[in-house]
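Chains as they are written, first to last, in the numbering used here: chain R, 112 to 446; chain G, 11 to 268.
Among the clues, some could well be false.
Straight-line Cα separation of at most 25 angstroms, DSS-like style, residue types lysine-lysine; simulated pairs [what the hints assert, rightly or not]: (1) K29/G / K325/R; (2) K325/R / K212/G; (3) K86/G / K71/G; (4) K66/G / K132/G; (5) K240/R / K132/G; (6) K162/G / K71/G; (7) K77/G / K162/G; (8) K86/G / K240/R; (9) K66/G / K325/R; (10) K212/G / K199/G; (11) K162/G / K199/G; (12) K66/G / K240/R.
Just so you know, these hints were derived from the structure itself, not from any lab.
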Amino acid sequence: MRPAKTKTILLLTLIGCAIVSFVLSGGASPQIPALNPYYYDILVGIGINIILAVGLNLVNGYTGQFSLGHAGFMAVGAYASSWLTLTWGYTLGTGGIGTTTLFVLALIAGGLGAALAGLAVGVPSLRLKGDYLAIVTLGFNEIIKGIIQNCEPLGAQRGLGGMVQHTTIFWAFAFASVTVFVVLNLVESTYGRGFLAVRDDEIAAEAMGINTTKYKVLAFVIGAFFAGIAGGLYAHFKQFIHPEGFNFLRSVDIVVMVILGGMGSTVGVCFAAVILTILPELLRYVSHLSTLPEWLRHIAENRMILYSLLLILLMLTRPQGLFGGSAAGRTSRSQ
Amino acid sequence: MTSPLLQIEDVTIQFGGLKAVSDFSFCINEHELVGLIGPNGAGKTTVFNLITGVYKPTAGKILFAGKSVLRHRPYKITARGIARTFQNIRLFTSLTVFDNVRTACNMHLRHGISHALLRGPKVMREEREVEESVMELLNLFGLASVSDELCKNLPYGDQRRLEIVRALATRPKLLLLDEPAAGMNPTEKIELMKLIRFTQEKFGLAVLLVEHDMRVVMGICERIAVLDYGRKIAEGTPGEIRANPEVISAYLGKDANQ
């Protein structure tokens with residue numbers, strides 16, 4: 112089947128990115144010698160955004176719930192994993208297998224912490240629908256931010272810094288591959304059909320013996336887990352995190368990726384994550400091109416306005432998203 | 011005598027000041043085809059929603075196979091063996107015909123989420139079993155040729171049929187059909203009557219049919235209950251109901267001279 116093929120290609124591309132970056136960087140070292148650090152930054156950002164968007168797509172796209180607090184789960188993962196590496200990292204020294212293991216374990220712990228937060232938020236709030244759920248998750252996002260801002264051991268308003276830069280392109284894309292693998296397999300399974308059934312008609316799903324609450328919470332918790340992982344990767348890349356970095360606007364960024372890519376299309380959402388990570392930087396580049404006429408550069412200078420205009424244009428011409436459409440609902444059969 | 015499959019005792023439900031159903035008592039035996047009729051707004055669909063757990067009754071008891079179904083979520087009631095169709099078709103519109111039916115088999119699956127992710131042999135075996143039984147059902151109801159179509163592309167009559175097939179996939183003991191003949195032309199209605207009969211005999215089900223169309227109800231039901239303003243005004247065989255003056259006045263209004 113065709114959709115299955117594109118999904119395999121996507122997964123192989125991500126794994127390929129991880130392997131190539133691993134080889135180019137000569138294994139453990141965080142930088143690739145030939146690569147401009149600016150591009151390096153964008154590439155890691157792409158990996159992290161893929162994890163965030165694909166995870167959120169499980170909730171907003173496949174299960175049809177509108178979560179607007181994804182950055183909150185990202186914050187939980189970022190702070191939890193940073194706290195772990197900061198506390199235990201010094202005893203192990205820098206470099207070597209020990210710190211890498213600690214880093215991966217801290218990431219997973221951060222993911223689990225975020226999943227736990229997802230469970231705590233999801234169980235009471237997933238009986239709400241649409242706008243109401245959006246408001247509750249938005250509120251959760253703000254609460255997490257508020258807690259961190261007032262938590263002295265986590266740096267409060269000053270932010271938290273001093274983490275070792277463990278995150279490389281390899282790790283970003285390795286975890287992106289895992290995320291895509293898990294989400295694709297889940298969506299193709301009986302659980303995936305349950306998610307889609309809940310999205311299409313909750314009352315009918317319930318009448319067909321589907322425990323809609325269980326499915327919704329499950330999607331929410333898995334989405335939160337991967338957001339936590341992405342947060343940990345982000346924290347160990349930037350080496351400094353601040354509560355404002357996980358505000359409402361960050362959540363909206365991720366939602367935009369999901370909507371732009373096409374609700375319920377993992378391939379589309381990955382593309383959107385790549386495009387939306389590159390686009391602002393591309394516009395920045397254009398605005399500094401001396402070969403372009405003056406007036407064009409002036410337009411490109413207002414890149415945030417241009418970016419928004421492009422989004423509006425895209426939504427007007429393709430409201431179902433880049434890859435949205437009937438293919439999203441088709442799942443394969445074993446024979 | 012064995013106890014009835016479904017037993018409704020003095021059920022009342024009140025929405026604010028309105029008693030949608032009051033003191034309704036009724037029972038359905040195994041393998042029985044029963045009709046529930048009444049004018050618009052008589053409370054027929056409300057009775058459905060009470061049985062399937064969408065509404066909780068204000069008072070009264072509902073027993074299924076001897077056990078209460080009150081305080082159960084709808085999906086648990088379905089798992090106990092009550093399946094339903096909807097008055098306004100509620101299919102999973104983004105899924106194919108095949109997947110619509112397959113989704114209804116979900117609750118019979120025993121594999122956990124970790125199995126689903128790794129696609130082990132246990133999952134594959136269960137999936138194959140489900141696929142076979144779904145294909146069998148679709149074949150039986152003449153929907154196999156469109157199994158890969160999106161269900162929203164199906165003609166209206168086929169969508170109605172698919173709803174019944176999907177309900178059957180949950181392996182019910184009692185099937186509730188909510189106005190299956192709505193919007194059908196006379197030929198389709200005759201087909202539907204055959205289909206309901208066939209389903210009931212083939213699967214050994216008890217069927218509760220809510221219907222407006224008198225010809226359909228009178229044609230296939232063994233026993234009929236009549237609701238009017240939330241109260242049961244009559245119960246009996248089609249012949250008795252047809253002759254019942256209260257039923258006639260509920261439907262046609264009272265004669266001005268009486």
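Here's how the hints hold up against the structure:
no., hint, in the structure
1, K29/G / K325/R, "33 angstroms, violated"
2, K325/R / K212/G, "33 angstroms, violated"
3, K86/G / K71/G, "17 angstroms, holds"
4, K66/G / K132/G, "38 angstroms, violated"
5, K240/R / K132/G, "35 angstroms, violated"
6, K162/G / K71/G, "38 angstroms, violated"
7, K77/G / K162/G, "37 angstroms, violated"
8, K86/G / K240/R, "22 angstroms, holds"
9, K66/G / K325/R, "21 angstroms, holds"
10, K212/G / K199/G, "20 angstroms, holds"
11, K162/G / K199/G, "21 angstroms, holds"
12, K66/G / K240/R, "21 angstroms, holds"
In summary, the numbered hints that this structure violates are 1, 2, 4, 5, 6 and 7.
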